[in-house]
Amino acid sequence: MGLSGRFRSALVIGGQGIRARKLRTFLSMISLFLGVLAVIAVQAGSVLANRALLADIEMVEGKDGTVVVGVPSGDRAPAAVLDTVRGRPDAIAMMSTSAIIGEPNLTPINPGGVPLRYADQGGPPVTMTCTPQGVCYAEPQESPPPRGMAIELQLVGITGDIRQFRPFHTEAGNWLDFAGEPSMSPRLVLNREAALAFTQYQLPAEMRIGSAYSGSADAGSPHPTPRVIGAINDGNQQPTAYVRADELLNWLSASAMGSQSMTIIMSPAAVTVGPTLRAKLGPELGNQLYFRTVDSRERIGGQLDLMRWIFYGMAALVLLIGVAGILNVGLATIGERVEELALRRAVGTPRLLLAGIVLAETLLTGLLTAAAAVVTGIVGLQAAGYFFGDKRPSLQNVAFPWEAGVAGVIAGLVAGILGGLFPAIRAARIPIATVMRA
Amino acid sequence: MTAIPIQPPLIQLSGVTKTLKGQGEPRPILSGVDLTVRAGESVAILGRSGSGKSTLLSLIGLFDRPDGGQYLLHGRDISRIPERRAARLRSQEFGFVFQRFFLLKHLTAMQNVAMALVNGQGWLPRRKRRAKVMTALEQVGIAHLAKHRPARLSGGEQQRVAIARALVREPRVLLADEPTGALDTETGALVIDVLHAATDRGCGLILVTHDHAHANRMGRVVRLSDGLLVPERAGVFS
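Sequence order for the protein chains is A and B.
Going by full-length UniProt numbering, the letters in the first sequence line up with residues 1 to 438, in that order.
Going by full-length UniProt numbering, the letters in the second sequence line up with residues 1 to 238, in that order.
For the record, the hints were derived by calculation from the structure and aren't laboratory data.
Computed from a prediction, not measured in an experiment: that's the story for all the values here.
All residues carry an ideal CB built from backbone N, CA and C; glycine is no exception.
There's no promise every hint is true.
Partner residues are not named here, just some residues of chain A that face chain B (Cβ under 8 Å, in silico) [what the hints assert, rightly or not]:
1) 6
2) 8
3) 15
4) 16
5) 333
6) 334
7) 335
8) 336
9) 338
10) 344
11) 346
12) 350
13) 433
Calculated pairs, BS3-like style, for lysine-lysine (alpha carbon to alpha carbon, straight line, at most 27 Å) [unchecked claim]:
14) 132/B <-> 147/B
15) 105/B <-> 22/A
16) 22/A <-> 147/B
17) 105/B <-> 128/B
18) 105/B <-> 147/B
19) 105/B <-> 132/B
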């Protein structure tokens, strides 16, 4: 009861003090407001940057904890991989190859499937030649076909919905439907870069599986007629198309399948995948399996730390200016309130409570300021999304990070304590006999 | 003559000394004060300016501690009590009225009186607090001015608010330091009436004043001279 009574008394009297000096409280709040807002901006910026970076990395690497299994190429590998993941919701297989979509018998705009903005920077198409000893070398093609309306892209066949591990953003159309029989006309979902090529060039829907750069997309390569059903953002700068693995396999020979690089992406709970796959691959290939667990959060954490601390330092300086403002006002106010405080002591208010009253006033000021700064931060973020969302998609529909709100409240409280401490000590030391000598 | 039962002493000072230590030479103010005040008794302290009346009152009210001698409150020695206990005793045992009213201008009369209840010594719910405040304001006859701020009150009314603030915790002793100093004679007499009425409810009253007329209305009059208290007129308890 005693503590509660003192606490309540401090709040009641502190509230009376603030009401009695509204203008002064408001003025001291202004300088503090900027400091708290700086802390909120730094924290919010840091969290949002972290989120954006993490989201980009997750699209490419996978969510934290996802296990990525690199499968060595080999004749037995495709069948073993497909058998292992068949019917499993917690693991999918992914195989990559190259493909050219567009006019036949032309060199694509971007040989080798490079991003479109680097299309003119590549050298001439080459032919890869490998010796029986396994040494491969590239030779410029003697008379490559002329460049024309065709693009080369990475064709990724997947056995299930990869988005559970890599959260792609659907930008248009639909995602792949894995139910039902595979189609002989492969359904493609393009990534942003590939979709850009389709908007820039008139590309006929003819696809050759293989690469122009290596000369593997020759006349003998399979050339299905694909159907583009959607576009996604996968965070990849290279033109890429996603296709159901079984629809891709309709067009790939067994030898071609065996030479493709394959990857399994699975949840950490899919513990039986590794042993099963190893058993199916046999000791030679099985021992070459490579397991990697995605830990993006930890990896990028360090990248932003230095920048964050630099900005925190700057925000702290601004906050200190606010604290100095509160301190200044607080000391001046104590000077004016000497008689009131001495009188309060005369009627039985303990020194500690007197200090508490002064601290309660600055704490309430700090909290009110923090609340105002948090509201400003929320409104500011919404306004930034509204006005600049078109230019900066990362600002669209961004929720205000709760961490920034907490940082703002803590900054307000710390500023209140720092700004109120000296005035509180001074208030507690006011001699009670002041009222007798007045 | 009706026999008045002798009350046990509320306050007993014996041989109390106090020296003021400023920037110059230490100046002895009280050199062995003896004073006893009983419940319901009123005592006036007279003396020249600078004779130590207010210093004596500040020792009695536990604003300060004596350098020497003994101070008993209800028979318990409180000459050297720590500040924390002194604050509690100031809240529970004493009511203070000063020459200046010390009302907070941003608070209403009611809030000014309630100030003595919101001092961290226990907590009263708002309704009980309000009831106590209104009772105190009624005792001093200004309940109708409860919602007025000090700027709208006359000097006498302001002093009565200050007295209500002193009475609201139902103290055992009222300490009044020249409460009529800032008032005209007529208003001053009304204020003394209000203070005197408190003694009828068993409250001890120590009044420091320069005004002989007001002093003569107290049960006993003492004069502080050369650091000592000299009886000027004995009271019924003497």
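- [ ] Against the structure, test the hints numbered earlier, and report the numbers of the ones violated in rising order.
- [x] 3, 5, 6, 7, 8 and 9
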